[in-house]
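Chains as they are written, first to last, in the working numbering: chain A, 1 to 140; chain B, 1001 to 1140; chain C, 2001 to 2109; chain D, 3001 to 3109.
Possibly wrong hints are sitting among the right ones.
27 angstroms max Cα-Cα, derived BS3-like pairs, lysine-lysine [to be verified]:
(1) C/K2086 x A/K109
(2) B/K1109 x D/K3086
(3) D/K3066 x D/K3086
(4) D/K3066 x D/K3002
(5) D/K3086 x D/K3074
(6) C/K2066 x C/K2002
Ranges of calculated distance between the beta carbons of each label pair, as one might list FRET restraints [stated by the list, open to error]:
(7) C/N2094 x A/A91: 21 to 27 angstroms
(8) A/G102 x B/D1086: 58 to 64 angstroms
(9) A/P71 x D/P3109: 43 to 49 angstroms
(10) C/P2109 x D/E3017: 44 to 50 angstroms
(11) A/A13 x D/S3038: 51 to 57 angstroms
(12) B/A1013 x A/P33: 16 to 22 angstroms
(13) A/L98 x C/T2010: 22 to 28 angstroms
(14) D/E3017 x B/A1013: 14 to 20 angstroms
(15) D/R3033 x A/A13: 53 to 59 angstroms
(16) D/S3038 x B/L1098: 23 to 29 angstroms
(17) C/D2098 x A/E116: 34 to 40 angstroms
(18) D/R3033 x C/S2102: 38 to 44 angstroms
(19) A/P33 x B/G1123: 40 to 46 angstroms
What the hints contain is simulated information worked out from the structure, not anything from laboratory work.
Computed from a predicted model, the values in this text were never measured in an experiment.
Positions of the beta carbon are idealized from the N, C-alpha and C atoms, including for glycine.
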Amino acid sequence: MNEVRCTVPSDTAYLPMVRAMVTEGARLAGFDPETTHGILLAVTEAVTNVIRHAYGGEPDQRIDLLLGTRPEHFRLDIVDYGHFVDPSKIASRPLDDLRPGGLGVHLMKSIMDRVEYRPNAHGGTTLTLEKHAPAAKGSS
Amino acid sequence: MNEVRCTVPSDTAYLPMVRAMVTEGARLAGFDPETTHGILLAVTEAVTNVIRHAYGGEPDQRIDLLLGTRPEHFRLDIVDYGHFVDPSKIASRPLDDLRPGGLGVHLMKSIMDRVEYRPNAHGGTTLTLEKHAPAAKGSS
Amino acid sequence: MKVTQETQGTAAIFIVEGQVDLHTSPELRSQLRTALNSRSSPLVVDLNAVSFIDSSGLATLIEALKSVGSYGGKLRLCGLNPDVRKLFELARLNEVFDLRTSRAEACGP
Amino acid sequence: MKVTQETQGTAAIFIVEGQVDLHTSPELRSQLRTALNSRSSPLVVDLNAVSFIDSSGLATLIEALKSVGSYGGKLRLCGLNPDVRKLFELARLNEVFDLRTSRAEACGP
Ligand SMILES: Nc1ncnc2c1ncn2[C@@H]1O[C@H](COP(=O)(O)OP(=O)(O)O)[C@@H](O)[C@H]1O
Ligand SMILES: Nc1ncnc2c1ncn2[C@@H]1O[C@H](COP(=O)(O)OP(=O)(O)O)[C@@H](O)[C@H]1O
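Use the sequences and the hints to build the structure in full.
This is the structure in structure tokens:
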């Protein structure tokens, strides 16, 4: 067992707690501060999207986080029980169309090595985010 | 739902993650840094005792943490599935008997407003730690 | 997050500290709104003490950039640490915003 | 946690940084052990950069205090921030340990 499971409310007030947990997960995996910061950004975008899009802003729904901790590798599953959307329709705006919003998915995909949406059996979506340590990237 | 649930392995490597979570919980409750630091100490002693005494140092057992977040009030339930001990036997050494160890329970009780051990239905122990914000203490 | 307002000449300066995310960006937006309503220029946002900012923070700044443009004013950002600068680059906003190296430079003409 | 060793005259100085808990205190213990084995005195533990220390850290220091006493040496602590000092008070160890205000003072005769 080297996994941490966490359930947090779909409330933006808990975003700093999610980042605190993820920071420690990245530290256990041995990541440098710069890579850790990128992961924090990707995870924030992912959880924010669950709150806004899967739960329509309702703050009292459930988000499950499964954090895998092994050396040189970060993995987080973000599980919601909300509104499921065809993953092929989840995409950011074109970057040259300057308007507020529409950047989150682009940021996640730029930063992480794996961004994968899957429907849950019981409804809702599981989003898996993965990142290899920069040094381990070439060798894997 | 303003509760966070977390399951961590009974491995001392996860102590900083537990503290990171608790720090954010205390921040949500509006605690000052000094009170927060005391809570971190009490929680560390409690989780360390679960690892050492309830699980005999086995690092791959399960510890459940239930963190209640409401203003001016901190509450953490620490649930183990290990070796249950009569709560009346859980006590630190006398302080004037100078030897390494035997301080954890004394520290928890000095710092927190409530330290309560209960047997679980399914085996193991639940320890509840509670702390009121210093300002709210008199008024409650 | 904490936002402190200062003025220097005609410049309205917003000193942002801490974490900017969907929980805190509405507060930043409402503070910027007062300066936008009084058509201040330049609007200076000092990000030096920002430890974290996400796309909701960028959205707030893009909104302000568009509003300031509507009355011919200027928005300038300063104090971007390497992590924050990286975010602007990933979003290809480093060319869109007027990024200055210091607050003094951002307040100038 | 990180422990750096220095010497100054006969003093063996241990500069401890970060979090001392059951996960990290064995490393502190094993570093102190080398100085105890060579019967150094005074042993100085500088806690100035310690952000967190728990009862396993205290246990490690009590152990060292007893060992150093066995050969007539001295153990001194310095750099206790208010949170750390509070822990020593709660455990009633502030009178048991020789707490010094600065590293220089702790290294003296
Ligand atoms: N968890 C989700 N559930 C449902 N739809 C989502 C989810 N995440 C993203 N989407 C869809 O993908 C779009 C792009 O997301 P994103 O790039 O983060 O920008 P924004 O959320 O600002 O619109 C969203 O507008 C939404 O339609
Ligand atoms: N979670 C627990 N399960 C079983 N026994 C415990 C637990 N916590 C504490 N104890 C008992 O109480 C004693 C005192 O604990 P403590 O004051 O933390 O000192 P120490 O753990 O260093 O002995 C322990 O030695 C142990 O016998």
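Going through the hints against the structure:
Proximity of C/K2086 to A/K109 is assessed by CA-CA distance (about 14 angstroms); at most 27 angstroms being required, the pair is judged to hold. Taking the CA atoms of B/K1109 and D/K3086, the gap is about 14 angstroms. The hint holds against a cut of 27 angstroms. For the proposed pair D/K3066 and D/K3086, the alpha carbon gap of about 22 angstroms is at most 27 angstroms, so the pair holds. Only pairs whose Cα atoms come within 27 angstroms are accepted, and D/K3066 paired with D/K3002 is accepted, the gap being roughly 23 angstroms.
The suggested pairing of D/K3086 with D/K3074 holds, with an alpha-carbon distance near 23 angstroms, which does not exceed 27 angstroms. With a C-alpha separation of about 23 angstroms, the suggested pair C/K2066 and C/K2002 falls inside the 27 angstroms cut-off, and the hint holds. Taking 21 to 27 angstroms as the suggested C-beta distance range, the pair C/N2094 and A/A91 conforms, at roughly 22 angstroms. Between A/G102 and B/D1086 the beta carbons are some 60 angstroms apart, a value that agrees with the proposed interval 58 to 64 angstroms.
About 47 angstroms separates the C-beta atoms of A/P71 and D/P3109, a value consistent with the hinted range of 43 to 49 angstroms. At roughly 46 angstroms, the beta-carbon separation of C/P2109 and D/E3017 lies within the given 44 to 50 angstroms, and the hint holds. A beta carbon spacing of about 54 angstroms between A/A13 and D/S3038 agrees with the range 51 to 57 angstroms that was offered as a hint. For B/A1013 and A/P33, the hinted distance range of 16 to 22 angstroms is satisfied, since their beta carbons lie about 19 angstroms from each other.
One distance hint, 22 to 28 angstroms for the beta-carbon pair A/L98 and C/T2010, holds here, with the actual separation near 26 angstroms. Here the CB-CB span from D/E3017 to B/A1013 is close to 18 angstroms, well matched to the stated 14 to 20 angstroms. At about 46 angstroms, the beta-carbon gap between D/R3033 and A/A13 misses the expected band of 53 to 59 angstroms. For the pair D/S3038 and B/L1098, the beta carbons lie near 25 angstroms from each other, so the given range of 23 to 29 angstroms is met.
Between C/D2098 and A/E116 the C-beta distance comes to about 38 angstroms, which sits within the given range of 34 to 40 angstroms. With their beta carbons about 51 angstroms apart, D/R3033 and C/S2102 fall outside the hinted range of 38 to 44 angstroms. Between A/P33 and B/G1123, the C-beta spacing of about 42 angstroms keeps the proposed range 40 to 46 angstroms intact.
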